[in-house]
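Place chain B on chain A using the hints.
Chain residues, written in single-letter form:
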Amino acid sequence: MTSSVSIKNLSLDFGAVSVLKTLNLDIEDGEFLVLLGSSGCGKSTLLNCIAGLLEPTAGQIFIKGRNVTWEEPKDRGIGMVFQSYALYPQMTVEKNLSFGLKIAGMDRSEIERRVARAAGILQIEPLLKRKPAELSGGQRQRVAIGRALVRDVDVFLFDEPLSNLDAKLRAELRVELKRLHQSLKNTMIYVTHDQIEALTLADRIAIMKNGVIQQLDAPDVIYNAPRNLFVAGFIGSPSMNFLKGTLVADPGGIAFETNGARFSLAGYRTPATLDAGRPVLLGLRPEHIRVNEEGGAVSHEAIVDIEEPMGADNLLWLKHAGHTLSVRVNGARRFSPGTAVRLSFDMAMASLFDAASEERL
Amino acid sequence: MADTLRIEGAVTPEGPHGRKPRRALSRRNIMIYGVLLLAAFYYILPLYVMVVTSLKGMPEIRLGNIFSPPVEITFEPWVKAWSEACTGLNCDGLSRGFWNSVLITVPSVLISIAVASINGYALANWRFKGSDVFFTILIVGAFIPYQVMLYPMVIILRELGIYGTLAGLIVVHTVFGMPILTLLFRNYFTSLPEELFKAARVDGAGFWGIYLHIMLPMAVPIMVVAMILQVTGIWNDFLFGVVFTRPDYYPMTVQLNNIVNSVQGVKEYNVNMAATILTGAVPLAVYFFSGRYFVRGIAAGAVKG
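So the protein sequences, as listed, match chains A and B. With the numbering used here, letter number 263 in the first sequence gets 263, and the count goes up by one each step, no holes. In the numbering used here, each residue carries its 1-based index in the second sequence increased by 361.
Isolated chain A, as found in the complex:
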């Protein structure tokens, strides 16, 4: 696989504020890469730099092996879709789609062919003669995608394209985007703050914080083996449970102890050596804690505090050894508050972080 977009030592400062800090990123041909982070982390800034709408302070950007750092957006071989759709309000859908091609001086038959193809792929043929004001949010976003499609580009850039849509439509368009990527096989770079979008769409996710990429991995790796405390806390809803404690020596090898509760780490795989006495944080996802079930390496008593039925799932908030644990169980299993339950933990799925560096052990 060749690299489609390559970012080398990219920095961007706004005055004294440094938004992107010597960032490196290689995106493979045909890859769907999601830039994920909370607002202000620099993800949209990075996308704008790739598009050529912002000038980096230092560093280089390559698209298809060509250094485009100083090129105009139109010459970079990119198409972009914006959060607010950014359709030209005075033009019909057809004119919106063909505007860029007309500017480029393309001949009319080729423009018509491309507009027809994009309209066909996105199923917006009946809308071609309408103005953007006469379209619904989902239709507008389809047209915005179409505007990138007609450019016949190597790289698609999406800047939170689904954020302005309601939940139902967002889920529908998410599937459509995935289908689009599967059929077109273009490189796509997608900015979002929605972790569900990131997990469902991405081949790889780059999680950003303060202008630095925290982890760049496939969604399942990000979810199951977060590299540091920030990534672990950012991904997953409800959030991962974090228990503060220390490593202690145990007959069965090494164990984690917090407020008198002891968890054997026999099932936890790590290249690092775990020394007794080290202050650490144990991270447990809500679905990796089992309630009143046989098996599991470790077993503890807990009291049900709050029950949140969510349909398919039932979310329990449990009191355990001075901590509150969130646990996800099947929606059919109900527990009334105050009930004592027995917990077992799947330590192979747990995450262990150094308390000082907050890095994964």
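Be aware that one or more of the hints could be misleading.
[Said to hold, decoys possible] Pulled from the structure, derived: some chain B residues nowhere near chain A, Cβ distances all over 10 Å:
#1 G376
#2 H378
#3 P382
#4 V412
#5 L416
#6 R423
#7 N426
#8 P431
#9 V432
#10 F504
#11 V509
#12 M514
#13 S552
#14 E629
[As the list claims (entries may be wrong)] Calculated lysine-lysine pairs in the BS3-like style (CA-CA distance at most 25 Å, straight line):
#15 A:K244 to A:K319
#16 A:K168 to A:K178
#17 A:K74 to A:K64
#18 A:K74 to B:K441
#19 B:K490 to A:K21
#20 A:K102 to A:K129
Because the hints were derived from the structure by calculation, they are not lab data. Ideal Cβ positions, reconstructed from N, Cα and C, are used throughout, including at glycine.
Coordinates of chain B only, in the frame set by chain A:
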């Protein structure tokens, strides 16, 4: 709960229901309409006196009753004001001033709006080095009294060789309209979503392409506002007209002043009133026909400040 929840047999519920009744002559309505009527009366009264006086003959005016309607309606004062009243050497009334004003206003309005909209667009979307400083200087310019700049302007026009010509006056109007119009257009373009501009850049449009194809079609409401501001401002201008042109090119306002303030002969109040109404007719018509757009434009510009 159970006995108040009646589902069967749709009976009208007791107690208040439907739209809340409002009295036409409530204390609040009397206050509002009273104040509005008073204000309307205050503004309409001088206009009434002007119209009535302009339709009277001089003997009737000499009776001194300015509020009484004309006994014999005559349009002679209007004809005289338009085409016969004397100012200095010429005796062709306001008509000469009217056409001068048209020749001054039309190009001034078009040029100043064209330049200011490009200025505003550049300042809003193409942030160049020092654009903020440039903008600040422009705004400061709006707060300096015109009178301070009169003499330097005269010298500049003289050096350019256009002092005393219509072209010179058009340049002056364009320059002095720049601060407020640029501010107007800059704020309007800033209020448009930035992503539109970005999308157009990705589509490959350049500075002029984006201006002509994207920004200009969206700027119609603010164009109307600018047009109203400029047409009324330039039409009503007296100072620049008298300072920067020769008598042949005097605009209508200066002509009006010369008719009204002519010292020889009897004061023809009816002619003066007719002349004044004629001079004010253009800005009045502009407001009358485009007031709707004016309000809409101001609102559109203000929503996203």
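- [ ] Mind listing which of the numbered hints don't hold for this structure, in increasing order?
- [x] 18
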